[in-house]
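A.B. asks: Residue 290 in my numbering sits at position 290 of the sequence shown, with consecutive numbering throughout.
A hint or two may mislead.
Claimed, not checked - Quick list of simulated restraints, FRET-style, between CB atoms:
1) G306 with L225: 16 to 22 Å
2) P25 with D65: 17 to 23 Å
3) A292 with P39: 38 to 44 Å
4) T41 with G278: 30 to 36 Å
5) A280 with A170: 29 to 35 Å
6) R218 with P37: 42 to 48 Å
7) R129 with E62: 26 to 32 Å
8) P23 with R277: 46 to 52 Å
9) R269 with H215: 17 to 23 Å
In case anyone wonders, no lab produced these hints; they're calculated from the structure. A virtual CB, placed ideally from N, CA and C, is assigned to each residue, including glycine.
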Amino acid sequence: MSRRVVPVALLAAASALLAACAPLPAPRRFAGSLDVPLPTTSGRIAVIADLQRTSYLEFWRESNDPERAVLVQALAAARPDAVFVIGDLVFDGGSARHWADLDALMAPVRDAGIPVFAAFGNHEYWGGRGGARHLSARFPHLGGRHWYEVAYGPIRVVVLDSNIDELTPAAWDAQIRWYDGALRRLDADPSVRAALVLAHHPPYTNSTVTGDEPHVQRHIVPPLLRSRKALALISGHVHNHERFQRGGKLFIVAGGGGPRAALAQGAARRHPDDLARGAALRPFHFLLIAPAPEGLAVEVHGLPKGGREAAALDHFVIPWPARYGPR
1 MSRRVVPVAL
11 LAAASALLAA
21 CAPLPAPRRF
31 AGSLDVPLPT
41 TSGRIAVIAD
51 LQRTSYLEFW
61 RESNDPERAV
71 LVQALAAARP
81 DAVFVIGDLV
91 FDGGSARHWA
101 DLDALMAPVR
111 DAGIPVFAAF
121 GNHEYWGGRG
131 GARHLSARFP
141 HLGGRHWYEV
151 AYGPIRVVVL
161 DSNIDELTPA
171 AWDAQIRWYD
181 GALRRLDADP
191 SVRAALVLAH
201 HPPYTNSTVT
211 GDEPHVQRHI
221 VPPLLRSRKA
231 LALISGHVHN
241 HERFQRGGKL
251 FIVAGGGGPR
261 AALAQGAARR
271 HPDDLARGAA
281 LRPFHFLLIA
291 PAPEGLAVEV
301 HGLPKGGREA
311 AALDHFVIPW
321 PARYGPR
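Go ahead and model the full structure; you've got the sequences and the hints to work with.
C.D. replies: This is the structure we're talking about:
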């Protein structure tokens, strides 16, 4: 009797199909609250963006699975008082399986009980509107909000949804009114020393994949420039690290979790004043931010491609504002 040899490729395809059809575990919730100020146990918070894995649809891009895992483990080991993920948590916001992958990836942070807060990126809107449902299932403490404020000692973190094309005009206008009013209120509050603004899309970048975001420049930057206590806008979307200073404010790009995208070099740069400096492809990274006597101390913890351990690769201080009281 003859024996049939099943091709290895066919077995692999069948295995992948069975895995895709397997039931998914229930969503895992992250700790957090908008009603209670964050504890100041470790004295620092963390910011990371673009944790989506490299899609098979983007076969030309480098894989980032090993690096994402190392970054998240390093993030958990740093024991920050909170983690802010500023958009693109998954590749396809409508895919339950992609969100289940995020649950597995973020297990070290979640299991450590570290509060986690999320901003909407453009990928959360992919695959229909299911992304909002999947995000809410994991971050019930946000109460479905797309913009909100978190208290951390004398610091306030203002989180925005910068997806102007996904929000209705009325919702976008409501958000910007809330945002401008929040910064005015914080300027007038003597208990608040400084504020940080987080949003997915950057107003300025030298990315070769995407460009400056005019709607962020028009609507999100001006209230920041008018505010005395708002010190910086931190964004993702660009899978790289950049830092610009405009009007006395810092504009930090920290899309360090995603598959890296090159920055323009030399005369091709739109903005030659990148304070971060470095090669076209910079390390995967996250930020650790801590109040210090002179201001907010920011450490960029980076991981080279193929690296096995994240380490501090940049450090800078955002000075405290000089004055307080109503503007």
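A.B. asks: It remains to establish, for every hint, whether it holds in the given structure.
C.D. replies: These are the hints, each one checked on the structure:
| no. | hint | result |
| --- | --- | --- |
| 1 | G306 with L225: 16 to 22 Å | violated, 40 Å |
| 2 | P25 with D65: 17 to 23 Å | holds, 19 Å |
| 3 | A292 with P39: 38 to 44 Å | violated, 18 Å |
| 4 | T41 with G278: 30 to 36 Å | holds, 33 Å |
| 5 | A280 with A170: 29 to 35 Å | violated, 41 Å |
| 6 | R218 with P37: 42 to 48 Å | violated, 32 Å |
| 7 | R129 with E62: 26 to 32 Å | holds, 30 Å |
| 8 | P23 with R277: 46 to 52 Å | holds, 48 Å |
| 9 | R269 with H215: 17 to 23 Å | holds, 22 Å |
In summary, the structure is inconsistent with hints 1, 3, 5, 6 from the numbered list given earlier, while agreeing with the others.
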